[in-house]
Amino acid sequence: MTAVEIGGVAFLILFVLLAIRVPIGVAMMAVGFGGYAAIAGLNPALNTLKTIAYERYSSYTFSIVPLFLLMGEFATIGGISQALFKAANTWLGHRRGGIAMAAIGACAGFGAIAGSSLATAATMAQVALPEMRRYGYSGALATGTLAAGGTLGILIPPSIVLVIYAILAEQNIAKLFAAAFIPGILAAIGYMIAIAIYVRLYPDDAKVTERQSYAVRFRSLLDIWPVLVIFLLVIGGIYLGIFTPTEAAAVGAFGTGMLAFFRKKLNWQSFTLSIFNTAKATAMIFLIVLGAELINRFLVVTRLPRFLADSISSWQVTPIVIMIVILIIYLLLGCVMDSLSMILLTIPIFFPIVMGLDFGLTAEETAIWFGIMTLVVVEVGLITPPVGLNVFIINSMAKDVPMMESFRGVLPFLISDLIRIALLVAFPAITLAALWWFF
Amino acid sequence: MTESVSTGRGGLELILLRLSQALAMLGGLVLIALTFITVYSIIGRSIVKTPWLRDIDLINWWRPIRGDFELIEIGTAIAIFSFLPYCQMVRGNVIVDFFTIRTHPKVKAALALFANLIFLLLCTLLTWRMMVGTHEYFSATFKQSSMLLKIPIWQPMALATGFMSFLTLVCLFTVYRSAREMFGQGEPLGVSA
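Those protein sequences? They're chains A and B, same order as listed.
Numbered by this note's numbering, the letters in the first sequence go through residues 1 to 439 in order.
Numbered by this note's numbering, the letters in the second sequence go through residues 440 to 632 in order.
Hints listed in this document are in silico derivations from the structure and should not be mistaken for laboratory results.
Owing to the predicted nature of the structure, the values given are computational and were not obtained by experimental measurement.
Treat each hint with caution, since some may be false.
Stated by the list, open to error - With a Cα cut of at most 25 Å, we get these calculated SDA-like pairs of lysine to any residue: (1) LYS265(A) - LEU468(B); (2) LYS265(A) - MET464(B); (3) LYS589(B) - THR51(A); (4) LYS589(B) - ARG56(A); (5) LYS589(B) - THR61(A); (6) LYS488(B) - LEU233(A); (7) LYS265(A) - PHE475(B); (8) LYS582(B) - PHE508(B); (9) LYS264(A) - TRP491(B); (10) LYS545(B) - VAL336(A); (11) LYS488(B) - GLY237(A).
What the hints assert, rightly or not - Sample of chain A residues facing chain B (criterion: CB under 7 Å; computed from the structure): (12) PHE15; (13) LEU18; (14) VAL22; (15) ILE24; (16) ALA30; (17) GLY34; (18) LYS50; (19) TYR57; (20) PHE254; (21) ILE275; (22) ALA279; (23) LYS280; (24) THR384; (25) VAL387.
Beta carbons are placed, not taken as given, at the ideal position from N, Cα and C, and that holds for glycine.
Take these sequences, add in the hints, and give me the full structure.
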């Protein structure tokens, strides 16, 4: 067998292992190590194991991940989601479907200080779900809104998925965050439009509440200033070059921790919960990171990515078609896999392919554009059936809503997602504009 | 969400859970310490860089912490290694359950047994190699150490290896736990992902 063939077989084995419930990180480690040993020999493979884990885990850029996770956990217990939702609701609540729109707005706000989708969805659901149900919003609309809104947690920077992409593709995190901003805002607006159209079609799904005076509206903004401060501090600090992205994550964790402390939400129970949640999420991610590192070393010796990139560029297809095919693969994979595993598994293969194509952009622009599009499509996986994790989480919190209802409620948001993806593919300028302005 | 291990938790399971929780808490405290170090350093750096701040007597002694980047690197590595056993203990490692979602809990337990065996094997291998790696750094004539603080790399590696050994032990236990579930009631509901 040639090295490329071994690579192919190894990926087949990997998919079988994944299908029979071997944890993604474990399966990647096993195949990566086994495959490397098969090509390079057992001793070199054993030698890489001596330092690979410590080297990977002590890398400065990767330190950003647990710190951002901690930041999100502290933001969650800080009770800031409540203030965000209240503020958004006084501005939007009186419209038809307004509470749902407010939930989207609050998710976007929470996404600005948290980098993960599940946390955003779960936290916002705790405050917004009872409210929507109280005002007669249908189960489908209420749960669909929150599941979709949760994805804003990762679309709006800071974003853990984007950090991982930046590391794998060796791109500038600050530039990626800047580029993610406009598509993230577009996502929030698109979701609100989806709600507006939905309630026009099904007026019974949402009732309206009384309009609030502007005095009340502006007063509600006072309660959310810490969010603004932390966001500006973290993101602004990175752009102005005052600190590195890793330091920004530490500052953010410090900030949300202080927020939780001064809002008197930090007690032994909530503190241990946030530490354990951080521990669980971090360990889960880093097991996959280690698996991905082993797979990558294996991929390098198979020369599979190079082989694929070469054969694809010899096909004489328009680059945009290949880009669309890759995005469709992500959408399909997203139905069964979680976003981080997908990125860690596929970027080493897809990135060289994309970089070998000519989109009329510079190399850096292509890399950033592709990163944002990847981010957007892998996030769609969180709300697509059959395994939309966000939908599961929200549905488990709304006891009276059947799962089918929730997936039906997600549909308008999926349509909005697909339209946005088409726009981002067609007009790279949407993504790159922020880059041209800021850098 | 943290106490997701339920059904018939034996004494051994409880002991290992508490130990892994204690270890995770240690890692969490390390992370929090890193945030303090970072904030302290950033403020110190700003003071050093900004002339008018430097002129304020009250704070002009404030300096960035020497080797703060190294501390972040070493600290995060320690934290991550300390989180791994807890995650395995509470079945926190993400799986693809799309193809097996409707299988019997006993089948799930059998597949978990297989997965845990692979993980046990990998962990054993990794721990053994890390021991060798640490020993090599330790006994090298020229001891590799961090740039500013001169912390010999074998020290944090030894700690990490210790945590890895504990992960191996936890893996051994989860193999036993899956085997017991396979012959008993099957895998408890709603514990994964």
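Against the structure, the hints come out as follows:
1. With a C-alpha separation of about 18 Å, the suggested pairing of LYS265(A) with LEU468(B) holds against the 25 Å cut-off.
2. Taken as a hint, the LYS265(A) and MET464(B) pair is honoured in the structure, with Cα atoms around 19 Å apart against an allowance of 25 Å.
3. A threshold of 25 Å between alpha carbons decides the hint, and for LYS589(B) with THR51(A) the separation of about 19 Å falls inside it, so the pair holds.
4. Note on LYS589(B) and ARG56(A): the hinted pairing holds, with a Cα-Cα distance of about 20 Å set against a maximum of 25 Å.
5. Distance check on the hinted pair: LYS589(B) and THR61(A) sit about 21 Å apart at the alpha-carbon level, within 25 Å; holds.
6. Of the supplied pair hints, the one linking LYS488(B) and LEU233(A) holds, its CA atoms being roughly 18 Å apart against a limit of 25 Å.
7. Taking the CA atoms of LYS265(A) and PHE475(B), the gap is about 20 Å. The hint holds against a cut of 25 Å.
8. For the proposed pair LYS582(B) and PHE508(B), the alpha carbon gap of about 20 Å is at most 25 Å, so the pair holds.
9. The straight-line distance between the Cα atoms of LYS264(A) and TRP491(B) is roughly 35 Å, outside the 25 Å bound, and the hint therefore fails.
10. Among the hinted pairs, LYS545(B) with VAL336(A) is consistent with the structure: their alpha-carbon atoms are about 22 Å apart, no more than 25 Å.
11. With a C-alpha separation of about 15 Å, the suggested pair LYS488(B) and GLY237(A) falls inside the 25 Å cut-off, and the hint holds.
12. The restraint placing PHE15(A) at the interface with chain B is violated, with a minimum CB-CB distance near 9 Å, outside the 7 Å limit.
13. For LEU18(A), the suggested interface contact is upheld, since its CB lies about 5 Å from the closest CB of chain B, less than 7 Å.
14. The interface hint given for VAL22(A) holds, since its Cβ lies 4 Å from the closest Cβ of chain B, which is under the 7 Å cut-off.
15. For the restraint placing ILE24(A) at the interface with chain B, the shortest Cβ-Cβ distance is roughly 6 Å, inside the 7 Å limit, so the hint holds.
16. About 5 Å separates the beta-carbon of ALA30(A) from the nearest beta-carbon of chain B, less than 7 Å, and the hint is met.
17. Of the supplied interface hints, the one on GLY34(A) is violated, with its beta-carbon coming no nearer than about 10 Å to a beta-carbon of chain B, more than 7 Å.
18. With a least beta-carbon distance of about 3 Å to chain B, the hint placing LYS50(A) at the interface is held under the 7 Å criterion.
19. With its C-beta approaching chain B no nearer than about 4 Å, TYR57(A) sits inside the 7 Å limit, and its interface hint holds.
20. Taking 7 Å as the C-beta contact cut-off toward chain B, the hint placing PHE254(A) at the interface holds, the least distance being around 4 Å.
21. With a cut of 7 Å, the hint placing ILE275(A) at the interface with chain B holds, because the nearest CB-to-CB distance is about 3 Å.
22. Hint on ALA279(A) holds. Least Cβ distance to chain B is approximately 4 Å, under the 7 Å limit.
23. Because the beta carbon of LYS280(A) sits about 4 Å from the nearest beta carbon in chain B, less than 7 Å, this interface hint is met.
24. Hint on THR384(A) is violated. Least Cβ distance to chain B is approximately 11 Å, over the 7 Å limit.
25. For VAL387(A), the interface hint holds, since its Cβ comes within 7 Å of a Cβ in chain B; the closest pair sits about 5 Å apart.
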